[in-house]
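Chemist: Sequence:
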Amino acid sequence: MMDAFSNLQKHNYPINANLIILSVSLISGFGFFLGKSIRFNSWHLIARPQLLIAYTFKSLVI
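For the sequence shown, our numbering gives the first residue as 7, with consecutive numbering after it.
Mixed in with the good hints, there may be bad ones.
Pair by pair, the computed Cβ-Cβ distance ranges are [unchecked claim]:
{"#": "1", "residue 1": "I59", "residue 2": "S34", "range": "15 to 21 angstroms"}
{"#": "2", "residue 1": "Q15", "residue 2": "I52", "range": "18 to 24 angstroms"}
{"#": "3", "residue 1": "I33", "residue 2": "K64", "range": "31 to 37 angstroms"}
{"#": "4", "residue 1": "K64", "residue 2": "K16", "range": "18 to 24 angstroms"}
{"#": "5", "residue 1": "I21", "residue 2": "T62", "range": "28 to 34 angstroms"}
{"#": "6", "residue 1": "L66", "residue 2": "N13", "range": "29 to 35 angstroms"}
{"#": "7", "residue 1": "A60", "residue 2": "I33", "range": "15 to 21 angstroms"}
{"#": "8", "residue 1": "W49", "residue 2": "S12", "range": "30 to 36 angstroms"}
{"#": "9", "residue 1": "L66", "residue 2": "N22", "range": "23 to 29 angstroms"}
{"#": "10", "residue 1": "K16", "residue 2": "T62", "range": "30 to 36 angstroms"}
{"#": "11", "residue 1": "D9", "residue 2": "N47", "range": "24 to 30 angstroms"}
{"#": "12", "residue 1": "K64", "residue 2": "H17", "range": "37 to 43 angstroms"}
{"#": "13", "residue 1": "V67", "residue 2": "Q15", "range": "33 to 39 angstroms"}
These are computed hints drawn from the structure, not numbers from a lab.
None of these values were measured; they are calculated from a predicted model.
A virtual CB, placed ideally from N, CA and C, is assigned to each residue, including glycine.
I would like the entire structure built from these sequences, with the hints used as guidance.
Modeler: Here it is as structure tokens:
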């Protein structure tokens with residue numbers, strides 16, 4: 007994570023580096039939640055996207 011942050015800062019993205027790292031961390035954490043708690047796998051994104059979207063919104067609202 008620190009390597010990615012350093013690379014972002016070096017390549018003229020110092021202002022956005024924190025936002026990018028935060029966004030990737032939140033998305034990864036939510037993906038982990040979907041996998042562990044709701045028991046979704048990555049193939050659900052291709053095979054059953056409507057079900058994945060429905061459960062995602064349902065988990066965010068409740």
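Chemist: Now, for every hint given, state plainly whether the structure supports it.
Modeler: Right, here's what the structure says about each hint:
no. : hint                          : result
1   : I59 - S34: 15 to 21 angstroms : holds, 18 angstroms
2   : Q15 - I52: 18 to 24 angstroms : violated, 35 angstroms
3   : I33 - K64: 31 to 37 angstroms : violated, 18 angstroms
4   : K64 - K16: 18 to 24 angstroms : violated, 41 angstroms
5   : I21 - T62: 28 to 34 angstroms : holds, 30 angstroms
6   : L66 - N13: 29 to 35 angstroms : holds, 31 angstroms
7   : A60 - I33: 15 to 21 angstroms : holds, 19 angstroms
8   : W49 - S12: 30 to 36 angstroms : holds, 34 angstroms
9   : L66 - N22: 23 to 29 angstroms : holds, 25 angstroms
10  : K16 - T62: 30 to 36 angstroms : holds, 34 angstroms
11  : D9 - N47: 24 to 30 angstroms  : holds, 28 angstroms
12  : K64 - H17: 37 to 43 angstroms : holds, 39 angstroms
13  : V67 - Q15: 33 to 39 angstroms : holds, 36 angstroms
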